Amino acid sequence: MKETAEKAVQKTERREVAELAADRPVYTPATDIFEKSDSLLVVSDMPGVDEKSVDVTLENDVLTITGHQQAAEPEGYAAVRRGAVPGVFRRSFTLTADIDRARIQARIQNGVLRLELPKAEEAQPRKIAVVAGG
Amino acid sequence: MYWTTNSLVAADLYDELRRFQREMGRIFGGSAAETASASAVNVWGREDGLLVEAELPGVEPKDMHVSVQGDQLTVEGERTADEPAKGVCCHRRERAAGKFIHSLRLPYEVDSAKVKATYRHGVLRLELPRAEASKPQRIAITAG
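Listed in order, the protein sequences are those of chains A and B. Quick note: the first sequence uses this note's numbering, first residue 1, plus one each step. Quick note: the second sequence uses this note's numbering, first residue 1, plus one each step.
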């Protein structure tokens with residue numbers, strides 16, 4: 001019970017295969033992925049990341065999202081408890097559908113990144129009309 | 001130091017253990033697997049006040065409630081999930097939704113009437129001035 005109730009204020013750290021040269025932790029952003037017949041929606045939690053510090057790339061069917069947390073140490077204060085060390089949110093997904101790269105839309109609000117990836121025309125299911133023939 | 005840290009240690013024991021685990025993992029290498037989650041809350045302090053930062057992405061300020069009683073800080077609220085429309089296939093559902101509550105014991109009592117709260121880019125930031133009564137009193141010593 002306690003575990004689930006506190007989940008909203010937790011973040012998960014991971015070790016990457018290619019480590020970061022800087023001494024900053026890399027976090028796995030909690031992500032929802034929805035698929036519609038014509039598009040893919042990727043929603044990632046990236047608290048402390050604004051539109052200037054987020055980067056989305058799509059290369060060879062691999063979608064990578066990176067967000068750098070902008071956290072500055074307040075001056076004149078001593079750290080009492082450090083539960084949120086500023087770091088980098090990064091995650092990659094291999095896409096299984098062809099995406100129309102020109103129409104990808106990304107926006108970030110309240111620390112939540114939303115990506116809409118429209119499927120390419122040829123990848124969308126096509127309904128073939130069947131006519132009764134004589 | 002303007003406060004005693006004993007009270008915080010017990011509350012954060014699990015966070016401390018996770019941090020230790022992370023450091024050990026870093027020193028000895030290990031798998032590329034994820035390590036445990038930790039509560040993403042920072043507390044900063046000085047003689048006359050505290051700063052608390054909590055990472056709460058995707059919560060509308062109107063759905064959040066902050067209360068302070070003495071040295072006990074509670075942040076509670078609700079995060080609404082995107083309900084996928086009909087005919088939408090859900091591949092991953094990792095973002096926590098629903099009610100959350102997070103309590104924290106502060107190093108000293110704060111003035112609950114003067115607490116300031118702001119929410120920006122998914123981070124809740126609280127400014128908590130120290131209660132007058134909890135400020136240390138200097139006692140003059142006279143030679144007898």
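Just so you know, the hints here were simulated from the structure itself, not pulled from any lab data. Heads up, a few of these hints could be off.
Which bits of chain A does chain B cover? Going by a derived footprint, with three or more residues having C-beta under 8 Å, they are [said to hold, decoys possible]: (1) 47-58; (2) 81-93; (3) 115-122.
Computed from a predicted structure; not experimentally measured. Glycine residues also receive a C-beta, built at the ideal position from the N, C-alpha and C atoms.
So, going through the hints one by one against the coordinates:
no. : hint    : verdict
1   : 47-58   : holds (count 4)
2   : 81-93   : holds (count 4)
3   : 115-122 : violated (count 0)
Checked against the numbered hints above, the structure breaks only hint 3 and satisfies the rest.
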